[in-house]
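Those protein sequences? They're chains A and B, same order as listed.
Numbered as in the UniProt record's numbering, the first sequence ends at 201 without a single skipped number.
Numbered as in the UniProt record's numbering, the second sequence ends at 201 without a single skipped number.
Since the hints were derived computationally from the structure, they do not count as laboratory data.
Among the clues, some could well be false.
Copies of the same chain look alike in the list, so a pair counts if it works inside one copy or between any two.
The calculated SDA-like cross-link candidates involving lysine to any residue, where the alpha carbons are at most 25 Å apart (straight line), are [stated by the list, open to error]:
#1 K126 to R109
#2 K50 to I130
#3 K72 to E176
#4 K72 to T82
#5 K60 to L173
For clarity, every value in this text was computed on a predicted model and none was experimentally measured.
Next come the chains, spelled out residue by residue.
2 protein chains.
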Amino acid sequence: MTEAVATARRSRITPEREAELYEAVLDLLREVGYDALTMDAVAARTRSSKATLYRQWGGKAELVAKAVRHNKPGGPADEVDTGSLRSDLHALTLRSDDCEMEQNSALMRGLAMAVHGNPDLLRAFKDHLIEPELAALRRVLQRAIDRGEVRADNPAIDYVMHMMIGAFAARTLLDEQPPTQAFLLSYIDAVVLPALGVPTG
Amino acid sequence: MTEAVATARRSRITPEREAELYEAVLDLLREVGYDALTMDAVAARTRSSKATLYRQWGGKAELVAKAVRHNKPGGPADEVDTGSLRSDLHALTLRSDDCEMEQNSALMRGLAMAVHGNPDLLRAFKDHLIEPELAALRRVLQRAIDRGEVRADNPAIDYVMHMMIGAFAARTLLDEQPPTQAFLLSYIDAVVLPALGVPTG
């Protein structure tokens with residue numbers, strides 16, 4: 001599909017209608033989970049035709065990944081650039097308040113499980129959620145290297161996403177509670193910045 | 001139940017028979033997953049009575065947690081004490097070879113999913129798998145503090161398990177492959193030791 005055709009197809013739906021549709025998809029996800037979610041149910045809930053849904057999104061996996069991405073506060077396109085690595089990482093964390101993190105925690109856990117049985121969902125997640133976040137993180141780290149805050153050959157640079165995913169996963173499992181802003185800021189100061197060789201205060 | 005009674009009950013099964021039983025439970029888990037695993041199937045596969053299984057283990061969650069723990073190479077009781085934090089952490093990692101890690105990766109992922117719908121499985125996992133590992137890790141860290149390798153007030157001390165869980169979870173998700181020894185050793189050197197303020201060489 002060429003970009004012009006894609007744009008023409010996308011233009012059939014207004015941004016307001018798109019947001020409404022994503023909200024309905026997330027509601028359905030919370031109610032029944034990924035595996036039981038059907039395009040029929042999305043079509044019925046949103047009074048749209050299945051043909052429109054498939055034309056616009058290609059399939060369930062992409063529709064779900066884009067709905068989750070749309071729901072993320074800020075989003076990767078919102079460039080964070082405060083002038084220091086510590087306040088960039090803090091600013092990225094503060095995009096979600098504790099209430100949003102708690103709501104998203106259950107949703108993301110359900111989807112993380114569904115990913116394993118659905119390679120197309122894993123692909124859509126990597127393309128629409130993980131890669132844009134990784135790219136934003138790489139830009140934040142590159143600016144820290146350019147400013148001389150982090151050495152270009154620091155081996156922890158490749159593991160920042162691993163550290164952060166650990167904070168989310170282990171918090172849920174070990175501490176049996178969703179991550180809070182306070183927890184994540186403390187983890188960034190205690191783990192991520194020292195691993196990168198950046199003094200925290 | 002007093003310790004004497006517990007010992008008497010446990011003594012009805014020989015260690016060889018116990019190992020055989022755990023192996024059968026893990027085989028069944030790999031075949032059908034936790035939710036579809038029944039005590040009837042375990043009883044049939046191992047030619048034991050359900051009454052024996054319940055008397056010995058209390059229930060499915062405990063039986064599964066103990067089977068997984070039994071399968072772990074080394075185990076928390078195997079004290080690792082090499083004289084330095086870096087080689088202690090490396091030694092803990094080297095208890096499993098890459099082939100074992102690959103086999104266990106799929107099994108653990110399935111169980112990590114089952115944990116969310118089964119609070120008794122989460123409890124059994126915490127009691128029989130996570131807590132003993134955490135306790136062993138705390139002893140390794142305490143010895144590093146006693147030797148003067150790590151400062152007692154280093155805030156990363158509370159997050160070592162989070163960092164390690166991140167390495168496993170993110171490796172599976174981001175890199176789409178099970179963790180290898182080489183990956184984990186490199187992660188320990190790049191992330192865990194620098195966060196703890198320990199020079200890596």
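Status of each hint after checking the structure:
Taking the shortest Cα distances, K126 and R109 sit within 25 Å of each other both inside one copy (15 Å) and across copies (18 Å). Neither within a single protomer nor between protomers do K50 and I130 lie at most 25 Å apart by alpha-carbon distance, with minima of 27 Å and 46 Å respectively. In this assembly of identical chains, K72 and E176 lie within 25 Å of each other by CA distance both inside one copy and across copies; the values are 23 Å within and 24 Å between. Proximity of K72 to T82 under the C-alpha cut-off of 25 Å is restricted to the intra-copy arrangement: shortest distance 20 Å within a copy versus 46 Å between copies.
In the homo-oligomer, the alpha carbons of K60 and L173 lie at most 25 Å apart only across protomers (20 Å), although the nearest pairing inside one protomer, at 29 Å, exceeds that limit.
The structure does not agree with numbered hint 2 stated previously, though it agrees with all others.
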